[in-house]
Amino acid sequence: MKNVLTYACMILMLTSSFMVNAQLPSKEKQYLLDFNKSTHGEQWQNKWNLQEDPSTWYGVEIKDGHVTALKLYRNNLKGSIPDGISILSELKTLNLAFNTIDGELPEDIFLLATLTSLKLEMNKLKGSLPQDYSKMTNLEELSMFNNLLQGEIPNGIGDISNLKTLNLSSNYLEGSLPKSIEKLHKLERLELFGNKLAGAIEVDLGRLVNLKELILSYNQFQGDLPSSMATLSNLEFVQLQGNDFRSLNSLLRLQSSKLAVFDSDDEFLNMKFGANEANRTRLVDTKYEDTKRN
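In case it helps, mature numbering (1 follows the signal peptide of the UniProt record, and there is no 0) puts the sequence shown at residues -22 to -1, 1 to 272.
Fair warning: there could be bad hints in the mix.
Cut-off 27 Å, straight-line C-alpha distance, at most; resulting in silico cross-link-like pairs (DSS-like, lysine-lysine) [said to hold, decoys possible]: (1) Lys41 <-> Lys142; (2) Lys190 <-> Lys70; (3) Lys25 <-> Lys5; (4) Lys142 <-> Lys164; (5) Lys70 <-> Lys49; (6) Lys174 <-> Lys157; (7) Lys5 <-> Lys49; (8) Lys15 <-> Lys102; (9) Lys70 <-> Lys104; (10) Lys190 <-> Lys250.
Each pair of labels, with its calculated beta carbon distance range [claimed, not checked]: (11) Lys164 <-> Leu230: 23 to 33 Å; (12) Asp12 <-> Thr34: 14 to 24 Å; (13) Gln1 <-> Asp182: 43 to 53 Å.
FYI, nobody ran anything at the bench for these hints, they're computed from the structure.
Just so you know, even glycine gets a beta-carbon here, dropped at the ideal spot from N, CA and C.
Hey, can you work out the whole structure from these sequences and the hints?
This is how it looks when you write it as structure tokens:
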């Protein structure tokens, strides 16, 4: 009887697995095939055997008959991301970081309502960011540093209500910091290093109560730093150098006791917060290491 039950369980598991894979909608599979072709799949480091089931393809995760993750980090992807990605309606993770993908972002990539992590850093993406992010209420991580993105940071980015990480460093973004960013109450990391952002910061930074990292260095910001920044008690990494701030005096009242790195053009503040060569071990450009492959 025990052997019969064991055999029955094995059959059930195999059948369930087959059903999950068999139920992958043809439109989702076709998009994966289009994606493979558009990004030169024959040159990938880890190639797909297109004759096998999509569940066996490197970096593809399928659950309940739908693609839920596409993780092709550092896999020698070239070419562009084809339009139509929103057909992957259950996609939660899209990680195409550290490749050489070029072209513009597909218009429908920001219609993926289930997406929690979007990592496109260290590619050659160009064009501007979309205006509408109202569908992306589940997104927690948006990382597109070190690309060729231009234009302004859209005001609509403040609609990503669950966002914890926003990293747009090392692009060619310009204009002012959109005031809507102050709506991102769950934000922990705001990294905008090395763009062409300018003007006074009108954002009420004090509303970003969970902020741990604020990296605005090497832009063209001017005026006084918002006084509300002094109330941010969770700050650990602050980099403000390479701007044209008129005054950073509000930071004299900074309430955070967790600072590990503080860099600015104000030597008095650097000394006050202990910024020196010994603890400047995490400059923004050293954070682009491939330590996370989610």
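Hint by hint, here is what the structure shows:
1. Lys41 <-> Lys142: Holds, at about 25 Å.
2. Lys190 <-> Lys70: holds (24 Å)
3. Lys25 <-> Lys5: holds (21 Å)
4. Lys142 <-> Lys164: Roughly 5 Å between the alpha carbons, so the hint for Lys142 and Lys164 holds.
5. Lys70 <-> Lys49: holds (11 Å)
6. Lys174 <-> Lys157: holds (17 Å)
7. Lys5 <-> Lys49: holds (19 Å)
8. Lys15 <-> Lys102: Distance of about 18 Å is within 27 Å: holds.
9. Lys70 <-> Lys104: The hint holds at about 24 Å.
10. Lys190 <-> Lys250: Holds, at about 19 Å.
11. Lys164 <-> Leu230: 23 to 33 Å: At 28 Å between Cβs, range holds.
12. Asp12 <-> Thr34: 14 to 24 Å: holds (19 Å)
13. Gln1 <-> Asp182: 43 to 53 Å: With Cβ atoms ~48 Å apart, the hint holds.
Violation of the numbered hints given earlier is absent; every hint is satisfied by the structure.
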